[in-house]
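Chains as they are written, first to last, in UniProt numbering: chain A, 1 to 434; chain B, 1 to 323.
These aren't lab readings, by the way, just hints derived from the structure by calculation. Among the clues, some could well be false.
Claimed, not checked - Which residues of chain A face chain B? A few of them, derived with a C-beta cut under 10 Å, are:
1) ALA47
2) ASP60
3) ILE184
4) ALA186
As the list claims (entries may be wrong) - Derived lysine-lysine pairs resembling PhoX-like cross-links, with alpha carbons at most 20 Å apart:
5) A:LYS354 x A:LYS415
6) A:LYS33 x B:LYS106
7) B:LYS74 x A:LYS52
8) A:LYS33 x B:LYS77
9) A:LYS15 x B:LYS214
10) A:LYS422 x A:LYS354
11) A:LYS11 x B:LYS92
12) A:LYS33 x B:LYS214
13) A:LYS11 x B:LYS233
14) A:LYS142 x A:LYS120
15) A:LYS364 x A:LYS422
16) A:LYS15 x B:LYS74
17) A:LYS15 x B:LYS184
18) B:LYS214 x B:LYS184
19) B:LYS74 x A:LYS33
Heads up, the beta-carbon is just placed ideally off N, CA and C, and yes, glycines get one too.
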Amino acid sequence: MAQAELGYPEKEELKFGFIKLTDMAPLAIAYEKGYFEEEGLYVTLEAQANWKVLLDRVIDGQLDGAHMLAGQPLGATIGYGTKAHIVTAFSMDLNGNGITVSNDVWAEMKKNIPHDADGKPVHPISASALKPVVDGYKAEGKPFKMGMVFPVSTHNYELRYWLAAGGIHPGYYAPAKGDTSGQINADALLSVTPPPQMPATMEAGTIHGYCVGEPWNQQAVFKGIGVPVITDYEIWKNNPEKVFGVSSNWAEENPNTHIRVVKAMIRAAKWLDENNNANRPEAVEILSRSDYVGADYDVIANSMTGTFEYEKDDKRDVPDFNVFFRHNATYPYYSDAIWYLTQMRRWGQIAEPKSDEWFMKTAKEVYRPDVYAQAAKALIEEGLMVASEFPDFDKEDGFKAPQSEFIDGVTYDGKHPNDYLKSFKIGLKGDDQI
Amino acid sequence: MNIPSVSMASLKERVASVSLKSVLLPLFGILVFVLLWQVGASRVHTSLGTFPGPTVVYEQWNSLVTEHQNERIKEDKFYERQEKRIDARQAKDPSYEGRLIDYTGKPTFFDQIFTSLYTVLAGFGLASFIAIPLGILIGLNSSVYSALNPVIQVFKPVSPLAWLPLVTMVVSASYVSDDPMFSKSFLTSMFTVTLCCMWPTLINTAVGVAAVEKDLLNVSKVLQLGWITHVIKIVIPSAIPLMFTGLRLSLGIAWMVLIAAEMLAQNPGLGKFVWDEFQNGSSDSLGRIMVAVLMIGFIGFLLDRAMLMVQRFVSWDKTQVLR
Chain A
1 MAQAELGYPE KEELKFGFIK LTDMAPLAIA YEKGYFEEEG LYVTLEAQAN WKVLLDRVID
61 GQLDGAHMLA GQPLGATIGY GTKAHIVTAF SMDLNGNGIT VSNDVWAEMK KNIPHDADGK
121 PVHPISASAL KPVVDGYKAE GKPFKMGMVF PVSTHNYELR YWLAAGGIHP GYYAPAKGDT
181 SGQINADALL SVTPPPQMPA TMEAGTIHGY CVGEPWNQQA VFKGIGVPVI TDYEIWKNNP
241 EKVFGVSSNW AEENPNTHIR VVKAMIRAAK WLDENNNANR PEAVEILSRS DYVGADYDVI
301 ANSMTGTFEY EKDDKRDVPD FNVFFRHNAT YPYYSDAIWY LTQMRRWGQI AEPKSDEWFM
361 KTAKEVYRPD VYAQAAKALI EEGLMVASEF PDFDKEDGFK APQSEFIDGV TYDGKHPNDY
421 LKSFKIGLKG DDQI
Chain B
1 MNIPSVSMAS LKERVASVSL KSVLLPLFGI LVFVLLWQVG ASRVHTSLGT FPGPTVVYEQ
61 WNSLVTEHQN ERIKEDKFYE RQEKRIDARQ AKDPSYEGRL IDYTGKPTFF DQIFTSLYTV
121 LAGFGLASFI AIPLGILIGL NSSVYSALNP VIQVFKPVSP LAWLPLVTMV VSASYVSDDP
181 MFSKSFLTSM FTVTLCCMWP TLINTAVGVA AVEKDLLNVS KVLQLGWITH VIKIVIPSAI
241 PLMFTGLRLS LGIAWMVLIA AEMLAQNPGL GKFVWDEFQN GSSDSLGRIM VAVLMIGFIG
301 FLLDRAMLMV QRFVSWDKTQ VLR
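Here chain A stands alone, though its shape is the one from the complex:
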């Protein structure tokens, strides 16, 4: 199908923010491989101190766009935390996170975990193995604290999901009553720590475990200060992770630029997964430069090249630990957006009951598969990609088929968010309010 040729970019000089995590890779690759320049875009990539600073700078225009937590555009648009209309047309990756606990906690947990014939713990590890430890802390009157990276982060929801599936209550938010700590009724107290500071904070004893993206779980193994117990791939197979967010004003003012940015990033994502991850070692070398993630090559390679090291010397194959292009990873599905919104509702960040239509409407305000489709079609037209690498845009309704590969066996169907909420033992549903 022919379409009008894509116009020149309205803005050539762009500045994008990122956080030092391996899943910023599509940005680094699009820059280093010249994909941005081939679109006529001159991009500066700038590491940001934490997720809040990053979001604020996208809102006030200091950044043209940024590597974001999927919950950030949604949270900002519905006004949780900061109120601003942010949109996304590009999903940066699937999976890529892990939950790590300190050595002491692991030693306690290990007693509750079955071991296989080789004497290695059987994975995936349920939070029910952690429950006796948390109960022990409670009995002694000590708080059990864990870190996550931001109130609307994937990590917060994954950690909560895993804890709740194992019978540990992670606590509710009650923004209407001014409670944004999310610790109401909590067995485990979750709080915010910026990703690169996680290992140091746990080493200092401020938190007993955390959920974060790579390389900060593997860093704990290398430093010998903690043990990753589960990856998010095992909590929800091929869960959506980061997105590339821009403010909706920016998107309106710079439509061609937006499409061109997405084009460059789709190419970068494809490069990252090409030939069965053949380019990953090169990607690891690029990421280990101090301007990007900057951690040691070996630490980054551990998770980026299809393996994951749990306990020291317990390295296992997880070929899909971090997916950048396969399984339509880059397409912004409405159902992904709705999942995040269900979790915001589940934990009280959305205090009021919402209709299924509201979930759909909000997802459509934030997720922009239309922009993605234009970028993809331009790439197909230029002969850089083929149609079979993308969803069939004429038939696509933006919903993945119901997914059931969650650690608790619950099935998620994005078309019925309220029914989905009812399937959880722990969490707000229906008319519940805190």
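Fit chain B to the given chain A structure using the hints.
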């Protein structure tokens, strides 16, 4: 020339004592420090490896230099590619006016030094521009002094980390322009530096001005000098030594404040370099931070020396001992 042998001997003695004091002793001090550092460093183990000693710092210095050179090569290629792209577009669309876009690569260690240096000089310059006239005014007039003193005393001890959020918000809100001459991050760093470093100059100038010798004041009265001439010929020259003491203190504070502000606000400069390396958590990070620490110290030292030279040049009393 006929030089008496006695003074010849004393000259020799002087040369010997000077070289001992100004060359050998400092060298000895540095040597002992480096030795202690090397021995001490190897005993401190962190989760990012051993604390960096002098050899590691030397290696990291070399790698920073190489990085800088590589970046410059990349920069040249970047401009070449850009020119080609502009030409290609002009061939298609003759009305297009190509504009070369500045290099988008990462600033290297040396770029960051340069950024920090001009930011600190701008902040310090602005602070002096405010503090010296104000200091002269409150030194001359005790009523103005009484009025301003409480404000000065309250703001003087405020830490840069407390000013920074306010300055950031004010700059973001008030400095809105489509084609800004300065970046917001530069202005935030600069104003924070100004706010924190103006006080020593202000106070020392005021004290210096107030302490002009009676004799000189009387001379001014006898000659019936006009107010402006009085200030320029009598007050400022006699206040210069104290004014410079203030300026040197201010410059030292400015440099310390700048690094802290850059670390906290993630504004470009050496402070950001240190923070980024800390966040990287690689096995090279500590060595690189140590290089930065030494560089920060060395630049602080050079700034102070530069100020001293200016003072020697400006001060009328060449016999005064300056150190």
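Verification of the supplied hints:
1. The criterion of a C-beta within 10 Å of any C-beta in chain B is met by ALA47 (chain A), whose closest approach is roughly 6 Å, and the hint holds.
2. Taking 10 Å as the C-beta cut-off, the interface hint given for ASP60 (chain A) holds, the closest approach to chain B being about 6 Å.
3. With a cut of 10 Å, the hint placing ILE184 (chain A) at the interface with chain B is violated, because the nearest CB-to-CB distance is about 29 Å.
4. At a threshold of 10 Å, the smallest CB-CB gap from ALA186 (chain A) to chain B is about 29 Å, leaving the interface hint violated.
5. Of the pairs offered as hints, the one joining LYS354 (chain A) and LYS415 (chain A) holds, with about 14 Å between alpha carbons and a cut-off of 20 Å not exceeded.
6. At most 20 Å may separate the alpha-carbon atoms for a hinted pair to count; LYS33 (chain A) and LYS106 (chain B) meet this at roughly 15 Å.
7. Between the alpha carbons of LYS74 (chain B) and LYS52 (chain A) the distance comes to roughly 32 Å, so the proposed pair goes past 20 Å and is violated.
8. Proposed proximity of LYS33 (chain A) and LYS77 (chain B) is supported: the alpha carbons are some 13 Å apart, at most 20 Å.
9. For a cut-off of 20 Å, the pair hint linking LYS15 (chain A) to LYS214 (chain B) is broken: about 61 Å separates their Cα positions.
10. With a C-alpha separation of about 13 Å, the suggested pairing of LYS422 (chain A) with LYS354 (chain A) holds against the 20 Å cut-off.
11. For the hint linking LYS11 (chain A) to LYS92 (chain B), the alpha-carbon distance of about 19 Å falls within 20 Å, and the restraint holds.
12. Using a Cα cut-off of 20 Å, the hinted pair LYS33 (chain A) and LYS214 (chain B) is violated, with the two alpha carbons roughly 74 Å apart.
13. Restraint check for LYS11 (chain A) and LYS233 (chain B): not satisfied, since their Cα atoms lie roughly 57 Å apart, outside the 20 Å limit.
14. At roughly 30 Å between alpha-carbon atoms, LYS142 (chain A) and LYS120 (chain A) are farther apart than 20 Å, so this suggested pair is violated.
15. Distance check on the hinted pair: LYS364 (chain A) and LYS422 (chain A) sit about 23 Å apart at the alpha-carbon level, beyond 20 Å; violated.
16. Distance restraint check for LYS15 (chain A) and LYS74 (chain B): the Cα-Cα separation of roughly 19 Å lies within the 20 Å cut-off, and the hinted pair is therefore satisfied.
17. This hinted pair checks out: LYS15 (chain A) and LYS184 (chain B) have alpha carbons roughly 14 Å apart, not beyond 20 Å.
18. Distance restraint check for LYS214 (chain B) and LYS184 (chain B): the Cα-Cα separation of roughly 48 Å exceeds the 20 Å cut-off, and the hinted pair is therefore not satisfied.
19. Our distance criterion of 20 Å between C-alpha atoms is met by LYS74 (chain B) and LYS33 (chain A), whose separation comes to about 13 Å.
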